[in-house]
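Peer 1: Sequence:
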Amino acid sequence: MTTSSIAPAPATFEENAKADASALLEQGLALHRQGRLAEALQIYQALLSRFPGDADALHLTGEALYRQGRPRLALNHVNQAIAQSPHHFYFNTRATIFMHLNLLAEAQQDLRRAIKAFANYPEAYINLSAVYRQQKKFRQAREAAADATRLAPQAPAAWNNAGAIDMEQNRFDEAVLHFQQALKLDANYTAAHKNIGKIRAHQKDWTGALASLELAAADPRDLEASYLLSRALLSAGRPGDAIAPMQHAMRNWPAEERHKALSDPEGVAALYGVCGALEGVSMRFAESAELYKIALDSLPEHELLLNNLGTVNFRLGHFDTAIEVLKKALEVHPKQVLARCNLGVTYVMAGQSEAAIAQFEQCLRDDPNFMSAMVWMLGEKAHIADWRGVPELREKIATLLDTPGNDQTVSSFILMSNYDDARRLMAWTQRSAALADRNVGIQPFADAGALRTSPRIRVGYYSFDFRNHPVAHLTAELFARHDRKDFEVFAYSYGPDDGHPARARIASSVENFVDMQGRSIQQMAERIREDEVDILIDLSGDTRGAKPQVMAYHAAPAQLMWLGYMGTSGTPNYDYLVSDNFLSPPGTEDCYSEKLLRLPETFQVIDSQRPTNPQKATRADHGLPEDAFVLCNFSQSFKIQPETFAAWVRIVRRIPNAVLWLAQGPNGFETNLRAQWEAAGLPAERLIVSPRMPIDRHLARIGLADLFIDTFPYSSGATANDVLWAGVPLLALTGTTMVSRMAGSLLSAIGLPELVATTRDEYVEKAVHYATHRNELAVLRGRLAEAKDARRGYFDTPRFVRHLEDGFRQIAARSREGLPPAHIGVALRPLEK
Numbered sequence: 001m002t003t004s005s006i007a008p009a010p011a012t013f014e015e016n017a018k019a020d021a022s023a024l025l026e027q028g029l030a031l032h033r034q035g036r037l038a039e040a041l042q043i044y045q046a047l048l049s050r051f052p053g054d055a056d057a058l059h060l061t062g063e064a065l066y067r068q069g070r071p072r073l074a075l076n077h078v079n080q081a082i083a084q085s086p087h088h089f090y091f092n093t094r095a096t097i098f099m100h101l102n103l104l105a106e107a108q109q110d111l112r113r114a115i116k117a118f119a120n121y122p123e124a125y126i127n128l129s130a131v132y133r134q135q136k137k138f139r140q141a142r143e144a145a146a147d148a149t150r151l152a153p154q155a156p157a158a159w160n161n162a163g164a165i166d167m168e169q170n171r172f173d174e175a176v177l178h179f180q181q182a183l184k185l186d187a188n189y190t191a192a193h194k195n196i197g198k199i200r201a202h203q204k205d206w207t208g209a210l211a212s213l214e215l216a217a218a219d220p221r222d223l224e225a226s227y228l229l230s231r232a233l234l235s236a237g238r239p240g241d242a243i244a245p246m247q248h249a250m251r252n253w254p255a256e257e258r259h260k261a262l263s264d265p266e267g268v269a270a271l272y273g274v275c276g277a278l279e280g281v282s283m284r285f286a287e288s289a290e291l292y293k294i295a296l297d298s299l300p301e302h303e304l305l306l307n308n309l310g311t312v313n314f315r316l317g318h319f320d321t322a323i324e325v326l327k328k329a330l331e332v333h334p335k336q337v338l339a340r341c342n343l344g345v346t347y348v349m350a351g352q353s354e355a356a357i358a359q360f361e362q363c364l365r366d367d368p369n370f371m372s373a374m375v376w377m378l379g380e381k382a383h384i385a386d387w388r389g390v391p392e393l394r395e396k397i398a399t400l401l402d403t404p405g406n407d408q409t410v411s412s413f414i415l416m417s418n419y420d421d422a423r424r425l426m427a428w429t430q431r432s433a434a435l436a437d438r439n440v441g442i443q444p445f446a447d448a449g450a451l452r453t454s455p456r457i458r459v460g461y462y463s464f465d466f467r468n469h470p471v472a473h474l475t476a477e478l479f480a481r482h483d484r485k486d487f488e489v490f491a492y493s494y495g496p497d498d499g500h501p502a503r504a505r506i507a508s509s510v511e512n513f514v515d516m517q518g519r520s521i522q523q524m525a526e527r528i529r530e531d532e533v534d535i536l537i538d539l540s541g542d543t544r545g546a547k548p549q550v551m552a553y554h555a556a557p558a559q560l561m562w563l564g565y566m567g568t569s570g571t572p573n574y575d576y577l578v579s580d581n582f583l584s585p586p587g588t589e590d591c592y593s594e595k596l597l598r599l600p601e602t603f604q605v606i607d608s609q610r611p612t613n614p615q616k617a618t619r620a621d622h623g624l625p626e627d628a629f630v631l632c633n634f635s636q637s638f639k640i641q642p643e644t645f646a647a648w649v650r651i652v653r654r655i656p657n658a659v660l661w662l663a664q665g666p667n668g669f670e671t672n673l674r675a676q677w678e679a680a681g682l683p684a685e686r687l688i689v690s691p692r693m694p695i696d697r698h699l700a701r702i703g704l705a706d707l708f709i710d711t712f713p714y715s716s717g718a719t720a721n722d723v724l725w726a727g728v729p730l731l732a733l734t735g736t737t738m739v740s741r742m743a744g745s746l747l748s749a750i751g752l753p754e755l756v757a758t759t760r761d762e763y764v765e766k767a768v769h770y771a772t773h774r775n776e777l778a779v780l781r782g783r784l785a786e787a788k789d790a791r792r793g794y795f796d797t798p799r800f801v802r803h804l805e806d807g808f809r810q811i812a813a814r815s816r817e818g819l820p821p822a823h824i825g826v827a828l829r830p831l832e833k
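Following UniProt numbering, the numbering of the sequence shown begins with 1 at its first residue and continues without gaps.
For the record, the hints were derived by calculation from the structure and aren't laboratory data.
C-beta: ideal position from N, C-alpha, C; glycine also.
Check the hints yourself; a few may be wrong.
[Unchecked claim] In the BS3-like style, the derived pairs of lysine-lysine whose C-alpha atoms are separated by at most 30 angstroms in a straight line are:
1. 116 x 204
2. 327 x 396
3. 116 x 136
4. 328 x 293
5. 293 x 335
6. 204 x 137
7. 396 x 335
8. 184 x 136
9. 328 x 260
10. 788 x 616
11. 137 x 184
12. 396 x 639
[To be verified] Just the calculated beta-carbon pair ranges, DEER-fashion:
13. 405 x 823: 29 to 37 angstroms
14. 241 x 438: 36 to 44 angstroms
15. 266 x 354: 20 to 28 angstroms
16. 480 x 391: 46 to 54 angstroms
17. 241 x 366: 36 to 44 angstroms
18. 395 x 354: 18 to 26 angstroms
19. 656 x 485: 57 to 65 angstroms
20. 205 x 169: 31 to 39 angstroms
Build the full structure now, drawing on both the sequences and the hints.
Peer 2: This is the structure in structure tokens:
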């Protein structure tokens, strides 16, 4: 008889459900192990919705929540798991949560329960050892650690835990041996790497710590390792590499951990180092501000953190925010002179001169020798013609600057406006520049000074001021005049594009216009180096908005400073300074850290093709008396020093029908000036202050004046160019510095030496003489017009460019032959027929 085979009995509903639950649990556990906790939790919740009492799902949900940083919610789920099944795994997990919550007695009790349930449970012994370690019960901790290594000699965690006990007791050599044993078992065991790094860091052996911390920080969850790695990288002189790990730690650490790290002065110093790297050559000011804000969440009243946050907002141009932060710093620390001085400087940039001066004055009451406040106050007082105490302030600044060992950096631009002593300025500038260069810490490129071989000489003009600015107005014709057979011209612009026609004209007249706005210092230097420029000319120097730090990279074999900043840089970053024999007379070479490129007629280029305004200006349009002798000066207000103004008063007093015509300055300027004027006994109507105007309208009105009387010691440059182009004679007073000799250079180049004075008394006498001898002044005006019409000397822009190119050829030849920079005098070319 045959029988049919017996079919398997159908699975019961309960068996299918258990299989589904097991599959879901495995799926969730796989995600859990990958660190995809949110996805794992979704699966556990799906399982618990069907099987609310599943102990494994409850336990794993609690474990995942704990890893997400939600310990109390985790504890609730693990408690439910233990209520369902008192498994030793569950007790161990709950003990871990109790440890995190600093409930050490509860943790110890659970670990004893786990060991009672499963005597050979090494993980429980490891955690029990850790509990004892936190309780400073080192004998019991060592006993539990020994049990763990006995039960699991191949487990890196057991050896790491044993080493941690030794580390807690400052038994560092023994600890390192245990950590090394853990790493023999698992070379990628990051906890042991971190602990070795922590020991080396504690011993101030940051070099020894670096490799271990780099491996430990590979675990993105270990924020302490990232923080310590950042400190090690800073110590190794790698501030740029230190940025990312510090950001990672600070952004993700709980506030209490940040507070612990930043309460250590060395920890906050490391934060400053990283922010300095962000702000320096990287110019990542917003990221620096973010770190300071995070740090202030943990240390809300820290004076330097508040000061630095204010400063970085200043750098971002967020003046209102900077003022708010710095005011808060001073509410907490009213004697913090650095924050107060920075508040004053921010008021300067925000155009609030009187508020700025008030802050500088308070600075000096709190610290009478705080040089930065003195110098900024000196500059801002000049801006608004508040000359009270200026002579005494100058004397004190000079005395401090002359003191050996002074380590305060100051603005040489402000000093140039107040002191006519070229050699003294050189010494002061050199010291400040050395300190500034050291603080920035830029290293020249490894191939700095590498020889160039392009057939044409590549000339790069680098400037913040290719916009509506005097530098752009002066150079607008220059670029198109270069001989393209011998020269390839680059214009590197890192300032704003304001849409002005001068910028468009420059951009269209060079072969390579490179807009580098927004790039970091290093990125700009790298671009210049990649272009293999032979000669790099900085047209901005150390003026507002400028970034002379690029020159420290030595991206070109020869680097020059010209036009925007009229004085020595004081640094080795510039090889040459463009000058002439009037600006820098023979015998003054020791007043400059650079070698001089002396042009044969004058240092200054002009735009001889500038547009003219067809509308004729009249005196009535500008409030000028028809029958007056009009003395004028349209320089920026900071150039009008009290001694210059006193000389103007003397001049006007001696010319019965004279008026003084000036340009508008910042708020407070005219009020203060008129107070001085009236105190000198002169009628208010003899002082006329007009608003500033667009360049074409301004040029049209200049011709209404009879004589321009220049400022001292900071003389006119671009303004002198405008005045002479407008056909108005200019009276200059010259001294020993480049800035005091600019206008004199232009007058010398067009053959009007009679209009150059060398003493203040001579300056006054010449002004009075020409005002009262109109025929002689008319002759000078005629000679000026003749020189302009004939395009002679200073007015011959094509010839100027040929002279400049002759100098560039000599510089490039020396550079390509590997010769060091040397003073260069360009020979005067014969007039072209």
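Peer 1: Would you mind marking each hint as holding or not holding in the structure?
Peer 2: Here's how the hints hold up against the structure:
no., hint, in the structure
1, 116 x 204, "violated (44 angstroms)"
2, 327 x 396, "holds (28 angstroms)"
3, 116 x 136, "holds (24 angstroms)"
4, 328 x 293, "holds (13 angstroms)"
5, 293 x 335, "holds (22 angstroms)"
6, 204 x 137, "holds (28 angstroms)"
7, 396 x 335, "holds (22 angstroms)"
8, 184 x 136, "holds (28 angstroms)"
9, 328 x 260, "holds (23 angstroms)"
10, 788 x 616, "holds (19 angstroms)"
11, 137 x 184, "holds (28 angstroms)"
12, 396 x 639, "holds (20 angstroms)"
13, 405 x 823: 29 to 37 angstroms, "holds (32 angstroms)"
14, 241 x 438: 36 to 44 angstroms, "violated (21 angstroms)"
15, 266 x 354: 20 to 28 angstroms, "violated (41 angstroms)"
16, 480 x 391: 46 to 54 angstroms, "holds (48 angstroms)"
17, 241 x 366: 36 to 44 angstroms, "holds (39 angstroms)"
18, 395 x 354: 18 to 26 angstroms, "holds (24 angstroms)"
19, 656 x 485: 57 to 65 angstroms, "holds (59 angstroms)"
20, 205 x 169: 31 to 39 angstroms, "violated (19 angstroms)"
Checked against the numbered hints above, the structure breaks hints 1, 14, 15, 20 and satisfies the rest.
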